[in-house]
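Student: Chains as they are written, first to last, in numbering that gives the first Met the number 0: chain V, 0 to 202; chain X, 0 to 202; chain Z, 0 to 202; chain E, 0 to 202.
Keep in mind that the hints were calculated from the coordinates and are not lab data. Treat the hints with caution; some may be incorrect.
One copy or any two copies: either way a pair holds, since identical chains are not told apart in the list.
List of simulated lysine-lysine pairs, DSS-like, C-alpha gap at most 30 Å [unchecked claim]: (1) LYS199 x LYS139; (2) LYS199 x LYS47; (3) LYS117 x LYS102; (4) LYS172 x LYS195; (5) LYS48 x LYS195; (6) LYS47 x LYS139; (7) LYS170 x LYS47.
Bear in mind that the values here come from a model prediction, so they are computed numbers and not experimental data.
Protein chains: 4
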Amino acid sequence: MNSIEKLTRIFTEFPGIGPRQARRFVYYLLTRAEGTLDDFAKNISELKKEISVCEDCKRFYEKRSGKESICNICLDHKRERGILMVVQRDIDLESIEKNGDFKGVYFVLGGTVPILEKNPENRIRIKELESRIKNDKEIKEIILGVNWNPESENTGIFVERFLRPITEAHKIKVSHLGKGLSMGSELEYTDPETLKNALKNRN
Amino acid sequence: MNSIEKLTRIFTEFPGIGPRQARRFVYYLLTRAEGTLDDFAKNISELKKEISVCEDCKRFYEKRSGKESICNICLDHKRERGILMVVQRDIDLESIEKNGDFKGVYFVLGGTVPILEKNPENRIRIKELESRIKNDKEIKEIILGVNWNPESENTGIFVERFLRPITEAHKIKVSHLGKGLSMGSELEYTDPETLKNALKNRN
Amino acid sequence: MNSIEKLTRIFTEFPGIGPRQARRFVYYLLTRAEGTLDDFAKNISELKKEISVCEDCKRFYEKRSGKESICNICLDHKRERGILMVVQRDIDLESIEKNGDFKGVYFVLGGTVPILEKNPENRIRIKELESRIKNDKEIKEIILGVNWNPESENTGIFVERFLRPITEAHKIKVSHLGKGLSMGSELEYTDPETLKNALKNRN
Amino acid sequence: MNSIEKLTRIFTEFPGIGPRQARRFVYYLLTRAEGTLDDFAKNISELKKEISVCEDCKRFYEKRSGKESICNICLDHKRERGILMVVQRDIDLESIEKNGDFKGVYFVLGGTVPILEKNPENRIRIKELESRIKNDKEIKEIILGVNWNPESENTGIFVERFLRPITEAHKIKVSHLGKGLSMGSELEYTDPETLKNALKNRN
């Protein structure tokens, strides 16, 4: 297997990339200057050296001094530390962060709990979330910021139940993202479950 | 212009139908038996004779005795007459009705108010809605059951403002369908406006 | 079942129309004037009275005097009567006719022969095609103007074999539409079978 | 700009990749082991060291001994050296090669000539192609293996005209890939230009 094939195979494992597009990537790289490729390679091999997992929220962040272990969001004194949004993946956190409306802090579960999973504790950082809540007396509300699909809902239910002893003991409110019409929704094409929630959550 | 072309032209005005599909419809009809076409024609010419507009909710309904002027939903004593859902079109009413969760009654505006429209009163049945509310002392809540897009939102705002004198006088609550995540939503792909509402409407 | 439901069901049988769009059609009709619907109905019930099947090419055409039995294409003396294009459906004939490059005459098979069909003679007008050829000494070439998909190819093969005795006896050339790159084709995305033909049919 | 952003920006320049998917790629990489990333980086920086441009056909190929300058296709004695297929990009060559029906040799132009381009010689390897043909007395046919879209057709026309003196002098036949129905084509949806060619190239 030559370099073209080896790289094609690597790109094929990228999310959403099939063999054809993977091959196009390699030809694209072949038309770049050698220096550009060296830069690219350097960025890749240094990625995990420069990026760390935040001890508090578990998201990926760029190390500044190389010594600190907490990300800039968690360190930001202007954030409302009483509201903790629990999300499945870094990309969800980014989507909310880009929006700018959420002023609280986050916790990244790092995964999803499949339906009927026997060891959900191994799938997501539920123990770390529990100890985070135990150690942080400021938290007053936990928002379950999960997607709306069966596996994500299952993840939210598992998290809510697992945390119940501590959320009840600490009198922490657990809330869920609002469900209803999304931008662009037409009633004619809205599925029954969404419509039901739009009606229930009318305001 | 022959019959094929005349019918093609008629079908081209159907919602969502281009000239090519219109032509396919005509060829489809040509392959049917003559009796089938006569039946079809009869159904069309009788449609408006059998279907009437309900005096109360303005939706299309099938006349039973030929004398009554109120549809079966409006006549149904089990419906909560205190909750009035205002919708843009019959098809929206049907979508909600199929869902089965809404137990109140309806009013069909019969249109949409374009942004910057000078005579919105001519676009929708706002006067009829106003007099319906004036005459119906039971109404306690009006739900603006409009789609979520700029023109529909504009329609909802116009209706709300137009009715304000009477809703305030009668102490009628005006509510809006809940906005937030729709079934299948992933935070990564959710637009900022929907995300903002999902956060605001958390529960 | 009321008129709305009856018409919805009829429209659901139209090619490419699901129950939702069928329902929209009915609501669209309900918003038309009664006179418009009567016109529409009249067009439908007269469709088959005004349109006839041409005795020569079997396509649908509009009767002029009500007496003639041959369509305007077949009557046109400027067409090359020596070249006969055999197509599956009227719509294929129209597509070619709109193009304007073909100057010969047509024959509409009126269907397709499914693979493994036991009685292909019942599926298409093969007997009528055979007798057309027998009676028309002018024909020098038959173009099999079929789509390129398995069932259509099967139809073409059946027609070719069925006609072989007569085409050989009459020394009629049987040809097939050229295969190769279609407008917009990129070699990268072209399927192997098309590529193979593009190469073989290079010119 | 941190490593995540730098890499995201690099991936955004990949063909067909938007900023969102680029970001997903980076998160995907962050979840890989450090060794895997080092491997990936190594493959990238070595890509251009291991891959060379063939002196004969100009395609990218893997150097074997590090000394030879001709690719395996050009060295293969079983290929028909009399037929030269001129393609725009390496990926086109691969598509044809995967097909297996073409037994001749190739020349990769490495680009496309935009319509109204003033210096087409700078856009593609036309001088190299010319000298290849001058030096190779075996060539009897040149197939212009270009895509079917306006820029690619323009490229083919430019190549054909530029080479005319030499192809006429050497009595080299210049051919074009066949045009017509592609697999899956239905006459009803086939564009006029393709239909015209399918008719002209019937066989």
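Student: How do LYS199 and LYS47 come out at 30 Å by Cα distance, when the copy is not named: within, between, both, or neither?
Tutor: neither (46 Å within a copy, 36 Å between copies)
Student: Go through the copies and call it for LYS48 and LYS195: within, between, both or neither, with a Cα cutoff of 30 Å.
Tutor: neither (48 Å within a copy, 35 Å between copies)
Student: Please sort LYS117 with LYS102 into within, between, both or neither, judging by C-alpha distance up to 30 Å.
Tutor: neither (35 Å within a copy, 41 Å between copies)
Student: Are the CA atoms of LYS47 and LYS139 at most 30 Å apart within a copy, between copies, both, or neither?
Tutor: Close neither inside one copy (34 Å) nor across copies (56 Å); limit 30 Å.
Student: At most 30 Å between CA atoms: does that hold for LYS172 and LYS195 within a copy, between copies, both, or neither?
Tutor: both (24 Å within a copy, 20 Å between copies)
Student: Checking an output row: LYS199 and LYS139, CA cutoff 30 Å. Within, between, both or neither?
Tutor: both (25 Å within a copy, 16 Å between copies)
Student: Tell me, please, which holds for LYS170 and LYS47 at an alpha-carbon limit of 30 Å: within, between, both or neither?
Tutor: Answer is neither: 38 Å inside a copy and 61 Å across each miss the 30 Å cutoff.
In the structure shown, a violation is registered for the earlier hints numbered 2, 3, 5, 6, 7, in ascending order.
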